[in-house]
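Visitor: Read off the chains here:
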Amino acid sequence: MTTTEVPSELSTPPEIGGLGHSLKRKEDARFIQGAGNYLDDITLPHMLHMAILRSPVPHARINSIDTAAAQALPGVVAVVTGADLAAHGLAWMPTMSGDTQAVLATDKVRFQGQEVAAVIAESPYIAWDALELIEVDYDQLPPVVDPHQAMAPDAPLIRDDKEGQADNRCYHWEAGDKEATDRAFAEADAVVALDTHYPRSHPSPLETCGCVADVSPATKHVTIYMTSQAPHAHRTVFALVAGLPEENIRIISPDIGGGFGNKVPVYPGYVVATAASLLIGRPVKWVESRSENLISTGFARDYYMHGELALRNDGRILGLRVGMVSDNGAFYADAQPTKFRAGLFHIVTGSYDFPAAHIVTDGAYTNKAPGGVAYRCSFRVTEASYLIERLVQNAAYELGIDPAEIRMRNFIQPEQFPYHSATGFVYDSGNYPAALKLALEMVGYDDIRREQQAARAEGRLIGIGIASFTEVVGAGHSKDYDILGLKMFDSAELRVHPTGKAILKLGVKAQGQGHETTFAQIVANELGIPANDILVMEGDTDNTPYGLGTYASRSTPVGGAATAVVARKLRDKARKLAAHLLEAAEEDLEWEPGRFFVKGAHDRGVTIQDVAFAAYTNFPEGMEPGLEGVHYYDPPNMTYPFGSYVVVVEVDAGTGQWKVLRMIAVDDCGVRINPMIVEGQIHGGLTEGFAMANMQFITFDEDGNCIGSNFMDYLIPTAWETPHFELGLTVTPSPHHPIGAKGVGESATVGSPAAYVNAVVDALAHLGVRNLDMPVLPHKVWAAINEAGARSTT
Amino acid sequence: MYPATFDYLAPTSVEEALSILAERGDEVKVLAGGQSLIPMMKLRFASPSTLVDIGRLPGLSDIGETDGYLRLGALVRHNDVVDSELVRRTNHTMTAAAPWIADPVVRNLGTIGGSLAHADPEGDWASVMLACGGEIVATSTTGERVVPVTEFIADMFTTTLRPDELLTEVRVPKYQGPAGGTYLKLERKIGDYATVAVATHLELGGDGRITNAGIALTSVAPKNTKAIDAERLLVGQLPGDELFAEAAELAAQASDPKTDVRGPAEYKRDVVRVFVRRGLAKAAELASAA
Amino acid sequence: METTITINGVARTFDIEPRVLLVDLLRTRAGLTGTHIGCDTTSCGVCTVLLDGRPVKSCTVFAVQAAGREVTTVEGLVKNGELHPIQAAFKEEHGLQCGYCTPAMMLVGMALIERNPDPSDEEVRWAISGNLCRCTGYMNIVKAIRRAASEMRRAAEGSPVG
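Protein chains in written order, with numbering that gives the first Met the number 0: chain A, 0 to 793; chain B, 0 to 289; chain C, 0 to 161.
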């Protein structure tokens with residue numbers, strides 16, 4: 000059932016602040032006063048500072064490393080190389096994808112920016128002085144910069160460290176049904192094909208990665224303050240990598256200045272800092288520079304996609320074929336569920352109802368930084384959504400059907416849910432026609448199409464782009480989802496204090512998403528304790544239940560579910576306590592937010608605060624004292640947020656620049672815990688989508704030099720370029736989620752790039768243009784117009 | 000991330016600064032706003048052993064007009080130009096260009112003198128000065144030299160300033176009659192350098208014919224470049240779109256852009272064409288309205 | 000060398016190398032970690048402070064250049080235990096998510112309002128175009144700054160708030 004408001008059966012009054020209230024955020028108090036506690040704000044007594052020497056070349060043998068001059072610089076305490084780490088078995092570490100990655104290079108460097116040595120000194124200034132004094136003798140090897148080239152038979156072997164690795168292929172994966180798809184194509188009236196490269200991008204949160212590693216010399220207890228989106232998983236990885244007893248490792252993830260997937264991998268810097276602290280006996284801080292962040296940490300995307308849609312003349316899709324090559328960099332290091340080498344790309348059937356799809360994908364090693372899954376991609380859903388929405392747009396042109404109409408004709412209809420897709424997903428709920436209809440109404444679609452025609456007659460170029468995405472989040476059920484074997488449940492631990500306040504501890508970890516407010520609201524909704532009376536804690540592995548962390552929009556679907564379930568467990572116990580206090584039978588009690596009362600005698604009741612006090616002071620014989628619980632939630636299915644976006648652009652034919660005139664975004668993420676926060680997430684995602692569509696990418700020259708390793712080359716839009724957004728909503732709850740919520744953190748990043756690109760293509764479609772790869776830089780638009788013979792010098 | 004060590008001198012008078020330069024001009028580096036120099040030092044692309052901070056020197060921060068010139072002290076910040084009623088009244092090209100330099104925060108510290116002395120071919124002020132006939136004043140212990148900007152910018156990051164000289168002032172001749180000018184800058188985002196930028200300057204005589212024309216290009220050659228043939232074509236003519244289109248073609252030919260991540264050379268040349276045509280049209284419009 | 004800078008109204012003296020950046024002095028010597036570091040090319044602006052009332056990127060200023068001058072950081076906004084209207088506005092309008100760019104945005108917003116008490120959306124976007132945000136998409140930052148401007152105008156005119 001789709002509505003445009005929060006369902007009333009979930010409502011609490013504003014003073015309790017349960018679901019649907021746009022409560023102001025509790026975490027803001029410290030941030031607006033400059034009192035946040037980010038990693039680089041942490042200072043420990045006797046702390047040292049680490050800086051990393053990185054390879055200037057993309058592919059080379061290391062002949063020698065001379066650290067003598069660096070070691071002799073006053074203020075330098077130690078210089079560590081790969082050889083030093085190898086002596087302790089730490090030169091290589093496992094990745095989240097089951098590969099290995101060099102911590103500090105030993106034999107070879109395999110990407111420009113790879114870690115080669117580390118200096119630990121009394122100040123960061125001295126550490127950077129010392130970096131200049133380290134001499135490395137490299138023997139350069141031909142760099143492999145293109146994944147297709149990487150898989151050619153004569154390509155130089157990058158991973159000669161891996162036994163049995165004879166080429167540069169790092170995985171092969173297929174999904175769907177080849178035969179059924181071939182049959183669909185054989186029956187098609189038309190086939191629309193698209194070759195597109197989703198360029199390499201980078202999450203680039205404004206806070207870079209870093210850690211303070213503090214190994215106590217006396218007890219060997221390890222405390223690592225770390226920019227981590229998944230502190231528990233990281234702790235387990237550290238235990239496995241470093242062979243340290245897991246109970247002796249404590250990871251504390253403090254305030255994080257943005258994550259977007261950048262703070263999910265385990266980076267060499269963390270390992271080296273920890274090893275250094277262990278060997279030196281003092282805390283070691285490592286904070287990377289922006290250049291280091293861009294050149295070496297987990298990038299995003301870099302997928303070459305060939306897609307084909309089999310179509311009937313009336314626009315109905317019969318089947319989809321996809322062949323892909325992904326550029327994974329020098330190590331296969333992204334974090335995604337083990338079973339799915341291409342993440343959740345097989346959601347590529349999108350919002351459309353058709354029976355056959357087949358996906359073939361190969362991953363290649365190249366001489367570039369490792370990564371691929373990051374930047375609000377929901378495990379490769381960004382790539383999938385982009386491809387299908389571009390194909391459908393081109394199908395509209397091919398068949399002469401309006402791009403909105405062709406989508407309507409193919410949408411999965413509301414009555415078809417739960418929907419079994421051609422690649423094995425079971426979509427929980429959706430109402431795609433309603434979302435698109437609302438978006439078209441908001442933009443005034445028919446008027447804009449008329450305006451487009453009129454503009455064309457004057458030689459002006461206006462375009463309208465649509466994207467109707469469905470994405471899949473909330474990883475995920477233990478049957479199918481694990482990372483390094485760790486199943487992807489999540490957890491919540493809740494204790495109500497005698498005075499009726501509460502503390503909630505979570506296995507997830509926010510980096511700006513507002514969990515201190517939204518998760519308190521979930522508890523407030525269930526227990527009627529005001530959200531402002533509930534303290535939410537995340538990030539300290541010694542003080543929170545085990546969880547897989549926050550990324551891929553999983554916090555609300557999984558952690559939020561765990562929270563609702565544990566709160567309900569406490570409410571069940573509270574009911575027993577209330578019955579005891581009221582001297583009534585449990586079944587004679589009714590609940591309203593924050594209060595139990597006797598059926599038919601509304602005045603005869605006890606508040607949740609009364610009950611909380613009783614849990615410690617007046618509980619029935621045989622009942623366990625206290626009011627506390629923990630729940631680990633194994634989600635039964637994924638959730639499927641969706642939406643429709645419409646973008647209107649104008650293109651300057653003389654310079655190729657394009658400007659967004661309007662951007663309408665209708666999102667459906669099920670029940671909205673805090674509408675204000677949901678909208679903030681969408682604004683952010685629409686901007687990231689705009690960034691990728693308009694200006695933001697990392698590329699490499701033919702010598703393997705990274706272009707995009709600083710903010711002069713890797714372009715993040717400012718408030719001046721970023722469009723104004725108009726938001727709309729529909730609400731189609733998830734039937735399997737305890738509070739009907741689906742998650743929304745990544746929807747806009749997933750859905751919007753195609754909307755922007757479709758708009759620019761649409762502005763030029765009448766000239767025959769059918770594709771512009773991102774980022775759609777002015778010179779690409781200029782070239783397309785020129786090729787179409789429509790050049791302008793006015 | 001962090002600069003190397005350096006010695007720091009902070010003279011409090013121009014005389015003091017000049018005597019430092021007279022003695023050690025070839026081994027010290029002058030620090031004005033620092034918005035070009037400090038980023039280079041942080042990445043260790045530049046590691047001068049001694050910095051001479053001229054930020055406290057009095058008398059170098061004024062904008063005024065005398066003897067037919069608009070005069071700006073070397074330490075005038077880009078935002079001072081943006082805020083200047085006098086500049087707005089007296090020079091359209093400068094008014095158009097100033098807001099587009101770097102970003103609003105960097106403009107609070109970056110200086111016009113520092114920018115010209117840095118001579119980055121992707122820098123904006125040099126093109127403005129080339130189009131408008133600007134001059135710099137180079138001061139030393141032995142006196143003053145006035146150098147037209149055409150002779151001041153020698154090559155990429157290279158000027159004809161002598162080691163013992165300090166750039167103390169920038170001068171722009173005031174309009175003699177009706178005049179207009181523009182600065183059109185194609186940048187991928189605020190804070191980026193220009194992919195292509197074009198400065199125009201047109202002065203008209205009583206008969207409406209062009210008496211003085213300036214066209215200068217940013218980021219499309221090893222140094223900021225005047226499109227001399229295009230300028231010559233314009234002088235003596237009546238403003239008009241066909242004329243401007245011809246001038247635009249000549250200006251495009253005078254450019255020598257490189258293919259890079261901002262686009263192919265041919266694209267940049269085409270943008271020169273487009274911007275010269277648009278810029279001259281707007282400049283003529285402003286001049287006619289004057 | 001000895002350097003005295005007035006920070007948030009208090010004159011403080013430090014003995015530092017000339018190469019120490021103002022942002023590092025604030026964060027590690029003056030104990031004020033509300034000013035952040037986000038890049039190495041003077042691009043992102045999270046290090047913005049006010050120098051004699053004007054926004055500057057403190058990562059691109061040597062601390063010694065600020066000798067004898069006044070620096071205002073985010074920690075200087077609260078007066079007598081009361082939030083500055085710009086701080087309250089950022090909370091009311093959800094103008095922050097991770098909070099990393101927020102101190103800078105607030106200071107730039109405040110400096111804008113000082114010069115232009117009634118800025119339009121466009122004027123706000125222009126003023127903050129030297130400061131990046133990755134989380135918010137800028138929409139609510141613009142709203143927050145305009146809200147603060149409106150509150151400050153009302154307070155200046157002496158009319159009741161709200």
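Keep in mind that the hints are not guaranteed to be accurate.
Label pairs and their in silico Cβ distance ranges [unchecked claim]:
{"#": "1", "chain 1": "B", "residue 1": "144", "chain 2": "A", "residue 2": "55", "range": "41 to 47 angstroms"}
{"#": "2", "chain 1": "A", "residue 1": "55", "chain 2": "B", "residue 2": "208", "range": "25 to 31 angstroms"}
{"#": "3", "chain 1": "A", "residue 1": "160", "chain 2": "C", "residue 2": "82", "range": "53 to 59 angstroms"}
{"#": "4", "chain 1": "A", "residue 1": "72", "chain 2": "C", "residue 2": "82", "range": "43 to 49 angstroms"}
{"#": "5", "chain 1": "A", "residue 1": "770", "chain 2": "B", "residue 2": "25", "range": "51 to 57 angstroms"}
{"#": "6", "chain 1": "A", "residue 1": "789", "chain 2": "C", "residue 2": "114", "range": "43 to 49 angstroms"}
{"#": "7", "chain 1": "C", "residue 1": "51", "chain 2": "B", "residue 2": "228", "range": "42 to 48 angstroms"}
{"#": "8", "chain 1": "C", "residue 1": "14", "chain 2": "A", "residue 2": "72", "range": "18 to 24 angstroms"}
{"#": "9", "chain 1": "B", "residue 1": "48", "chain 2": "A", "residue 2": "725", "range": "52 to 58 angstroms"}
{"#": "10", "chain 1": "B", "residue 1": "265", "chain 2": "C", "residue 2": "3", "range": "35 to 41 angstroms"}
{"#": "11", "chain 1": "A", "residue 1": "160", "chain 2": "C", "residue 2": "3", "range": "32 to 38 angstroms"}
{"#": "12", "chain 1": "C", "residue 1": "67", "chain 2": "B", "residue 2": "228", "range": "25 to 31 angstroms"}
{"#": "13", "chain 1": "B", "residue 1": "48", "chain 2": "A", "residue 2": "166", "range": "49 to 55 angstroms"}
{"#": "14", "chain 1": "B", "residue 1": "25", "chain 2": "A", "residue 2": "166", "range": "55 to 61 angstroms"}
No lab work stands behind these hints: they were computed from the structure. Just so you know, these numbers come straight off a predicted model, no measurement behind them. Ideal Cβ positions, reconstructed from N, Cα and C, are used throughout, including at glycine.
Visitor: Tell me if the beta carbons of residue 160(A) and residue 3(C) are separated by a distance inside 32 to 38 angstroms.
Guide: Since the Cβ atoms of residue 160(A) and residue 3(C) sit about 56 angstroms apart, the hinted range of 32 to 38 angstroms is violated.
Visitor: Could you check the hint for me, namely that residue 770(A) and residue 25(B) are 51 to 57 angstroms apart, CB to CB?
Guide: Holds: the Cβ-Cβ distance is about 56 angstroms, inside 51 to 57 angstroms.
Visitor: Do the Cβ positions of residue 789(A) and residue 114(C) conform to the proposed distance bound of 43 to 49 angstroms?
Guide: 45 angstroms, holds
Visitor: Within 42 to 48 angstroms: is that where the Cβ-Cβ distance between residue 51(C) and residue 228(B) falls?
Guide: 47 angstroms, holds
Visitor: Is it true that residue 48(B) and residue 725(A) lie within 52 to 58 angstroms of each other by Cβ?
Guide: Since the Cβ atoms of residue 48(B) and residue 725(A) sit about 56 angstroms apart, the hinted range of 52 to 58 angstroms holds.
Visitor: When you take the CB atoms of residue 144(B) and residue 55(A), is the distance between them in 41 to 47 angstroms?
Guide: With a Cβ separation near 42 angstroms, residue 144(B) and residue 55(A) satisfy 41 to 47 angstroms, so the hint holds.
Visitor: Go ahead and decide if the range 35 to 41 angstroms is satisfied by the Cβ distance of residue 265(B) to residue 3(C).
Guide: Roughly 56 angstroms apart at Cβ, these two residues miss the hinted range, so it is violated.
Visitor: Using the C-beta atoms of residue 48(B) and residue 166(A), is the stated range 49 to 55 angstroms upheld?
Guide: At roughly 51 angstroms between Cβ atoms, residue 166(A) and residue 48(B) fall inside 49 to 55 angstroms, so the hint holds.
Visitor: That 25 to 31 angstroms hint for residue 55(A) and residue 208(B) (C-beta), does it hold up?
Guide: 58 angstroms, violated
Visitor: For the pair residue 14(C) and residue 72(A), does the Cβ-Cβ distance stay inside 18 to 24 angstroms?
Guide: Once the Cβ atoms are compared, 21 angstroms apart, the range 18 to 24 angstroms for residue 72(A) and residue 14(C) holds.
Visitor: Does the Cβ distance between residue 67(C) and residue 228(B) fall inside 25 to 31 angstroms?
Guide: Violated, at about 52 angstroms.
Visitor: Mind checking the hinted window 43 to 49 angstroms against the Cβ distance between residue 72(A) and residue 82(C)?
Guide: 46 angstroms, holds
Taken one by one, the earlier hints fail for this structure at numbers 2, 10, 11 and 12, listed in ascending order.
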